[in-house]
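When you get a sec, could you build the whole thing from the sequences and use the hints?
The residues making up each chain are set out below.
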Amino acid sequence: MTSGLDFMIAPFIASLLLILITSYFGIHVIEREIIFIDIALAQIAALGSAVSLVLQNLGIGSQNDIHDHDSRTFLAYIFCLLAAGIFTILKNRKIKIPLEAIIGIAYAVATTAAVIILDKGAGSDVHIHDMLIGAILWVSWHQIIRLLIIVMIIGGFHYIFRNKFKGVTLLYRGEKSDISNPRLWDFLFYFTFGIVIVEAVSIGGILTVFAFLIIPASTSALFTTRWTQRISIGLLIGSISTVLGLYLSWVMDIPCSPAIILFLGLSLFLSILMKTFLKTKTN
Amino acid sequence: MKKNIRLKQLLLKSSILISIILMVQNVNLDAQRNQERNRYGQSGNSRLNLVCSFSDYASIAEYIAGDRATVSFIAQGEQDPHFVPPKPSYAVVLSQADMWITTGLDLEMWSATLLDKAHNKRIMDGETGFVSVSDGINILQKVEKGDRTEGDVHLMGNPHINTGPVNWKIIARNITIGLIKVDPANSSFYQKNRDDFIDKVDRALFGDKLVDLFGGETLTRMLENNTLFTFLDKPYESGKLIDLLGGWLKKAMPFRGKRIISYHKNWAYLSNTFGLEVVGYIEPKPGIPPSAKHVQYMIEVIKEQNIKLMLVASYFEKKTPMMIEEKTGIKALYLPLFVHGLPGIKDNFDLMDYWIDQINANIQ
Amino acid sequence: MIETLKFLAAPITLTIILAGVLSYFGNHILSRGIIFIDIAVAQIAALGTMIGLLLGFAEESMSVQFISYSFTIIVISLFALTKFQKQVIPQEAIIGIIYCIGLGLALLLAEKIPGGSNFISKTITGNLLWITWNKVLESSVIFLVIGIIHLIFWKHFILISGTKNGLPYSLWRTRSYELIFYISFSVIIVKAVPCGGVFLVFTLLIAPTAAATLFTDSWKKRFIWSWIIGILGSVLGIYISYTLNISNAPAIVTLLGLVVFILAFFKVAARKLLINTKK
Numbered sequence: 001m002t003s004g005l006d007f008m009i010a011p012f013i014a015s016l017l018l019i020l021i022t023s024y025f026g027i028h029v030i031e032r033e034i035i036f037i038d039i040a041l042a043q044i045a046a047l048g049s050a051v052s053l054v055l056q057n058l059g060i061g062s063q064n065d066i067h068d069h070d071s072r073t074f075l076a077y078i079f080c081l082l083a084a085g086i087f088t089i090l091k092n093r094k095i096k097i098p099l100e101a102i103i104g105i106a107y108a109v110a111t112t113a114a115v116i117i118l119d120k121g122a123g124s125d126v127h128i129h130d131m132l133i134g135a136i137l138w139v140s141w142h143q144i145i146r147l148l149i150i151v152m153i154i155g156g157f158h159y160i161f162r163n164k165f166k167g168v169t170l171l172y173r174g175e176k177s178d179i180s181n182p183r184l185w186d187f188l189f190y191f192t193f194g195i196v197i198v199e200a201v202s203i204g205g206i207l208t209v210f211a212f213l214i215i216p217a218s219t220s221a222l223f224t225t226r227w228t229q230r231i232s233i234g235l236l237i238g239s240i241s242t243v244l245g246l247y248l249s250w251v252m253d254i255p256c257s258p259a260i261i262l263f264l265g266l267s268l269f270l271s272i273l274m275k276t277f278l279k280t281k282t283n
Numbered sequence: 001m002k003k004n005i006r007l008k009q010l011l012l013k014s015s016i017l018i019s020i021i022l023m024v025q026n027v028n029l030d031a032q033r034n035q036e037r038n039r040y041g042q043s044g045n046s047r048l049n050l051v052c053s054f055s056d057y058a059s060i061a062e063y064i065a066g067d068r069a070t071v072s073f074i075a076q077g078e079q080d081p082h083f084v085p086p087k088p089s090y091a092v093v094l095s096q097a098d099m100w101i102t103t104g105l106d107l108e109m110w111s112a113t114l115l116d117k118a119h120n121k122r123i124m125d126g127e128t129g130f131v132s133v134s135d136g137i138n139i140l141q142k143v144e145k146g147d148r149t150e151g152d153v154h155l156m157g158n159p160h161i162n163t164g165p166v167n168w169k170i171i172a173r174n175i176t177i178g179l180i181k182v183d184p185a186n187s188s189f190y191q192k193n194r195d196d197f198i199d200k201v202d203r204a205l206f207g208d209k210l211v212d213l214f215g216g217e218t219l220t221r222m223l224e225n226n227t228l229f230t231f232l233d234k235p236y237e238s239g240k241l242i243d244l245l246g247g248w249l250k251k252a253m254p255f256r257g258k259r260i261i262s263y264h265k266n267w268a269y270l271s272n273t274f275g276l277e278v279v280g281y282i283e284p285k286p287g288i289p290p291s292a293k294h295v296q297y298m299i300e301v302i303k304e305q306n307i308k309l310m311l312v313a314s315y316f317e318k319k320t321p322m323m324i325e326e327k328t329g330i331k332a333l334y335l336p337l338f339v340h341g342l343p344g345i346k347d348n349f350d351l352m353d354y355w356i357d358q359i360n361a362n363i364q
Numbered sequence: 001m002i003e004t005l006k007f008l009a010a011p012i013t014l015t016i017i018l019a020g021v022l023s024y025f026g027n028h029i030l031s032r033g034i035i036f037i038d039i040a041v042a043q044i045a046a047l048g049t050m051i052g053l054l055l056g057f058a059e060e061s062m063s064v065q066f067i068s069y070s071f072t073i074i075v076i077s078l079f080a081l082t083k084f085q086k087q088v089i090p091q092e093a094i095i096g097i098i099y100c101i102g103l104g105l106a107l108l109l110a111e112k113i114p115g116g117s118n119f120i121s122k123t124i125t126g127n128l129l130w131i132t133w134n135k136v137l138e139s140s141v142i143f144l145v146i147g148i149i150h151l152i153f154w155k156h157f158i159l160i161s162g163t164k165n166g167l168p169y170s171l172w173r174t175r176s177y178e179l180i181f182y183i184s185f186s187v188i189i190v191k192a193v194p195c196g197g198v199f200l201v202f203t204l205l206i207a208p209t210a211a212a213t214l215f216t217d218s219w220k221k222r223f224i225w226s227w228i229i230g231i232l233g234s235v236l237g238i239y240i241s242y243t244l245n246i247s248n249a250p251a252i253v254t255l256l257g258l259v260v261f262i263l264a265f266f267k268v269a270a271r272k273l274l275i276n277t278k279k
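Protein chains in written order, with this note's numbering: chain F, 1 to 283; chain H, 1 to 364; chain R, 1 to 279.
Keep in mind the hints are simulated off the structure, nothing from the lab. Virtual Cβ for every residue (Gly too), placed ideally from N, Cα, C. Among these hints, one or two may not hold up.
As the list claims (entries may be wrong) - Heads up, incomplete: computed chain R residues facing chain F, CB under 7 Å, no partners named:
| no. | residue |
| --- | --- |
| 1 | Ala93 |
| 2 | Leu103 |
| 3 | Phe199 |
What the hints assert, rightly or not - Cut-off 25 Å, straight-line C-alpha distance, at most; resulting in silico cross-link-like pairs (BS3-like, lysine-lysine):
| no. | chain 1 | residue 1 | chain 2 | residue 2 |
| --- | --- | --- | --- | --- |
| 4 | R | Lys135 | H | Lys319 |
| 5 | H | Lys192 | H | Lys346 |
| 6 | H | Lys308 | H | Lys319 |
| 7 | R | Lys112 | H | Lys319 |
| 8 | F | Lys281 | R | Lys83 |
| 9 | R | Lys135 | F | Lys96 |
| 10 | R | Lys267 | H | Lys293 |
| 11 | R | Lys164 | F | Lys96 |
| 12 | H | Lys327 | R | Lys6 |
| 13 | R | Lys86 | F | Lys281 |
| 14 | H | Lys181 | H | Lys209 |
| 15 | H | Lys346 | R | Lys112 |
| 16 | F | Lys96 | R | Lys6 |
| 17 | H | Lys319 | H | Lys293 |
| 18 | H | Lys318 | R | Lys135 |
| 19 | R | Lys164 | F | Lys166 |
| 20 | H | Lys327 | R | Lys135 |
| 21 | R | Lys6 | H | Lys303 |
| 22 | F | Lys96 | R | Lys221 |
| 23 | R | Lys220 | F | Lys275 |
| 24 | R | Lys6 | H | Lys331 |
| 25 | F | Lys96 | R | Lys83 |
| 26 | H | Lys192 | H | Lys181 |
| 27 | R | Lys6 | H | Lys319 |
| 28 | F | Lys166 | R | Lys86 |
| 29 | R | Lys83 | F | Lys279 |
| 30 | H | Lys303 | R | Lys135 |
Right, dumping it as structure tokens:
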């Protein structure tokens, strides 16, 4: 069992870092009602990787294997930048299409475009599958350090300017907000979010990140509207589910991502029960 | 009020945590059971630990290593070999392995991550513990260097080598070379088992009589050069040599020369050995849907050449093959691709028997 | 050329029918802002199929299909009942949670079933090109039945979809209409996704109506425009896919998607130009 424990330390720390940043972003995502944005951004980033793969095959750009991951990530970030730009421009009062629809269409186009590009341009079967589950059980300390740096930089950035970002999110809900230059902060939001997503998904997989974004933030919405409290509740639920999930995945030999999600879902369910129970009590 | 809620939440969750941990202790047995499911032989301290990517290689390894090793495999018999989701037990198994036995072409892309994180220096590519079983096999459908526009999935050629019995012999040789490097003390033991296995394959393929007369090696060479059947046409005693043919090649005679299609390129080596002509593939690239032109072409080919049979590996979804059946009248035959793909198929010999019987039963 | 047309006739017909049906539903979905509901429904249906297979029934048998439909209807009914006077958790988030947990369960079960990985929504591609006229007829009958149901209740559906905050009727009356709406919707999705694939269905649902929304507000005009855009887009998409030799679903999806983006940008640019020229 000791080998199990030090096997689990790295995944646990990686998960904690993920939860730290996703509990915060998750609240934004739910308030703006752009729920599926992480899946869309992850897919757009994947499109960027696919394009870079094709460019490599065609002989353009660096041929060095060591730079493989980095050049792919570079193009992934560029595509995220583009997407951030598109979303910001199209979040316009005159465009009556809900932003989620734009995100959805971008997602569909990105996925199918990737299929077409890979079909025509590249020879090998790219690991589109891996991205779903992720390989958090095999995360390396190198990846964790990288994630830590990104979380600190972007987390710090968001903390300093938290009022600006909250302000723009309020605008989404149709409420008044006195932020000068909301467009800029909107764009910065999507761009920083995109970077976080690219890193998070490369470690945890699309599904895990999606769950971390949505479920803790939804659960905390049941109890309070204050941001600090919501983040704390999110962290609490997230960490407990991660511990239980990792343990279950080890003991039952199942992939850990679904195990963690199961516990997140369970906590949501329990919270709903608790809230109804409390409500009937106070009545 | 809100503090109250948080406290209650905390209490509730802690109690649930404790009860689940207690519950899960009972479930610990499941993990043990899982980790032993993929093993042959019994665990022991002085045994070698062989880990294979597929059950077919594990079956061959067991013939050769006998009781000197514990053999396990990762991809289940009915799983898609291109896509194997990672589980905790894989990393554990790999970290303790003495040898990693894999195809060596670009089929097991999923193993790269597993090997990376297993941190087992003995089995990395280039070390003595890494065995690439495809070394020396006559690979079909290699792609010429500049020709990527076809968009072939497997650039180094068709990696589904386990469907050709001739390849099993080379796989056995490669595994033996690896075993001798890792455990030189038992060399003669492994070599004897390997020779027994190769002989068993020859007899199963050609039949005893021809093997006794000419020897397996000669017959294999002729089979690979496509000169076997011309050779067998020679007169012998009161008839021809071909009357002495036995084994799988004899059983396969009824469908030798027939035309079929296959869903994916899994069956190249099988069709090559037994004379089936595969005129087309429905989905040559896994995950990428065929274009309208390709579908139209396939429908035309099926109708014009009156193709009656389509081989489909059992890990594919049945929905599309069934629609193809409805549209063209062809019959879809679902075959497991690996050992243990169906209960009762315990080694490669069972697998080949099953394949040939099924094809015979379904071809017209 | 005639051969090609004969070959493409059945697929094109089904695509046109799908485009029509889906763009109708799409208008409601867009107004309610639950864009990803069809992806969630598709995943739940796949999960239902897996449960059926686990229980030992043969693939593609009637029992498995029945279990899949029933499971989907149960889950979607639960969803319909989550409509409240005041939504603390937005409905789209609930859809996300359902999708997420559904996919998680599917991943866990995938190992126990031969070929289990087929039911995890990767790019679940459809087999539109192999469709027979028989299947086209089958699907049309189902769509017709659903169409009649919606003809009866259309006013109520439009009212509920159009109400952003609060409920137009009493809680349980609204929920009953919601149940009818969502159950009929899931039946359409469960029928359409195996044919066209998840992404084609998703795009046909959202893109035409999104494009229509750019230019008009009235429900009637939106219905008509989304029909036109959807049908034209599909036919053009199939033509492009044939000439460029790419699969048909990606072609239609990319085409319709790009159309929406181009129109949206065009509108933004036109507005900017208008403002600038006014100055």
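Going down the list of hints, with the structure as the test:
| no. | hint | verdict |
| --- | --- | --- |
| 1 | Ala93 | holds, 5 Å |
| 2 | Leu103 | holds, 6 Å |
| 3 | Phe199 | holds, 5 Å |
| 4 | Lys135(R) / Lys319(H) | holds, 13 Å |
| 5 | Lys192(H) / Lys346(H) | holds, 22 Å |
| 6 | Lys308(H) / Lys319(H) | holds, 18 Å |
| 7 | Lys112(R) / Lys319(H) | holds, 19 Å |
| 8 | Lys281(F) / Lys83(R) | holds, 23 Å |
| 9 | Lys135(R) / Lys96(F) | violated, 37 Å |
| 10 | Lys267(R) / Lys293(H) | violated, 37 Å |
| 11 | Lys164(R) / Lys96(F) | holds, 14 Å |
| 12 | Lys327(H) / Lys6(R) | holds, 13 Å |
| 13 | Lys86(R) / Lys281(F) | holds, 20 Å |
| 14 | Lys181(H) / Lys209(H) | violated, 36 Å |
| 15 | Lys346(H) / Lys112(R) | holds, 19 Å |
| 16 | Lys96(F) / Lys6(R) | violated, 41 Å |
| 17 | Lys319(H) / Lys293(H) | holds, 21 Å |
| 18 | Lys318(H) / Lys135(R) | holds, 16 Å |
| 19 | Lys164(R) / Lys166(F) | holds, 23 Å |
| 20 | Lys327(H) / Lys135(R) | holds, 10 Å |
| 21 | Lys6(R) / Lys303(H) | holds, 15 Å |
| 22 | Lys96(F) / Lys221(R) | holds, 15 Å |
| 23 | Lys220(R) / Lys275(F) | violated, 42 Å |
| 24 | Lys6(R) / Lys331(H) | holds, 23 Å |
| 25 | Lys96(F) / Lys83(R) | holds, 24 Å |
| 26 | Lys192(H) / Lys181(H) | holds, 16 Å |
| 27 | Lys6(R) / Lys319(H) | holds, 23 Å |
| 28 | Lys166(F) / Lys86(R) | holds, 22 Å |
| 29 | Lys83(R) / Lys279(F) | holds, 18 Å |
| 30 | Lys303(H) / Lys135(R) | holds, 20 Å |
Of the numbered hints stated above, those contradicted by the structure are hints 9, 10, 14, 16, 23, listed in ascending order.
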